[in-house]
Every structure is written in C-alpha cells, then in structure tokens.
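Participant: Sequence:
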Amino acid sequence: MMSSQNHKTIRSTAVFDLTAPAGVRTPVGVELRYDSREPYAVNMSFRAGMSGQVDWLIARDLLADGLVIASGEGDVQIIPQPDNHELVVIALSSPSGQATFEAPAAELAEFLNETYDVVAPGGENHWMSFDEELSRLLQNDMH
1 MMSSQNHKTI
11 RSTAVFDLTA
21 PAGVRTPVGV
31 ELRYDSREPY
41 AVNMSFRAGM
51 SGQVDWLIAR
61 DLLADGLVIA
71 SGEGDVQIIP
81 QPDNHELVVI
91 ALSSPSGQAT
101 FEAPAAELAE
111 FLNETYDVVA
121 PGGENHWMSF
131 DEELSRLLQN
141 DMH
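Position 49 of the sequence shown, counted from 1, bears residue number 49 in UniProt numbering, the numbering being contiguous throughout.
Hints in this document: simulated from the structure, not taken from any laboratory.
Any given hint could be a false lead.
[What the hints assert, rightly or not] Think about it this way: if two alpha-carbon atoms lie no more than 25 Å apart in a straight line, the pair counts; the simulated SDA-like pairs of lysine to any residue are:
| no. | residue 1 | residue 2 |
| --- | --- | --- |
| 1 | Lys8 | Gly29 |
| 2 | Lys8 | Asn113 |
| 3 | Lys8 | Ala70 |
| 4 | Lys8 | Ile58 |
| 5 | Lys8 | Gly122 |
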C-alpha cells in the first residue's frame with residue numbers, strides 16, 4: 001500500500017567544513033533534502049562557487065550508520081570521529097575528484113530523526129511503487 005497522498009519533503013541547511021590536505025578548512029553550505037517519494041535516499045546539495053552546486057544522493061541508512069560506525073565503500077564513506085563525537089567525516093569521490101568534509105553529527109542526527117517521523121526505518125517500501133519506478137527508469141533509458 002503506497003502512501004502517495006501524504007508525500008512530504010524535509011529540508012535542512014548545514015555548514016560542513018571542506019578539509020584540504022594541509023589542514024585548511026573551508027566552510028561549505030549544504031542543503032540536506034529527504035523526499036518520501038525517494039524513501040531510501042538523502043540528497044546533499046553542496047554550494048560550489050558563486051552560483052553552482054554539486055548534488056550527491058546517498059542512502060539514508062548509510063548516513064545513519066555513519067554516525068555510529070565507519071560506513072560505506074567506494075564513492076561515499078561516512079566515519080565518526082573517535083576523538084570528537086561532535087563530528088563525522090564524509091568522504092566523497094568521483095571521476096572528477098575527491099572531497100572530504102567534517103560535518104556536525106548532531107545536526108545530521110536531528111535531520112535523520114525528522115525523516116524517520118515521515119518514513120519509519122524499514123517502512124520505505126510502503127512509500128514507493130517499484131512498478132512505477134521501473135517504468136520510469138525504462139522510459140528514461142529509451143530517451
């Protein structure tokens with residue numbers, strides 16, 4: 001049973017510190033977005049430069065796990081800091097480059113809790129139609 005009539009989007013803004021190898025930190029504005037139409041994912045939009053943004057779609061479970069234990073392989077890794085429980089490291093890599101951020105753990109946890117109020121963990125399958133998603137993917141594949 002899909003709950004499509006009750007779809008909701010949660011948005012939150014945060015500041016992550018982009019960390020450079022020499023220890024230089026640059027604050028970067030980030031918008032976190034969760035949409036019950038995509039119940040398994042969290043979108044992170046990083047402000048890049050004056051007018052651009054870089055979007056990353058990550059699994060909501062990965063973000064939650066990363067607040068507690070080092071999580072993720074490959075393109076996205078989230079690692080709590082044993083010497084500073086207020087921060088988690090979010091490491092992103094793509095063919096065009098890599099970026100490492102320090103993010104406030106409490107703000108991420110608060111955002112996740114808001115998403116759980118909309119779609120409970122384990123209840124994601126009630127919020128999307130796999131038939132609709134498959135049909136949409138196949139249509140996009142043909143264009």
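Participant: Now tell me if each hint is right for this structure.
Facilitator: Going down the list of hints, with the structure as the test:
This hinted pair checks out: Lys8 and Gly29 have alpha carbons roughly 23 Å apart, not beyond 25 Å. Between Lys8 and Asn113 the CA atoms are separated by roughly 14 Å; this keeps the pair inside 25 Å, and the hint holds. Taking the CA atoms of Lys8 and Ala70, the gap is about 29 Å. The hint is violated against a cut of 25 Å. Note on Lys8 and Ile58: the hinted pairing holds, with a Cα-Cα distance of about 18 Å set against a maximum of 25 Å.
In summary, the hint linking Lys8 to Gly122 is supported, as the alpha carbons are separated by about 17 Å, within the 25 Å threshold.
Going down the numbered hints, you'll see the structure goes against just number 3.
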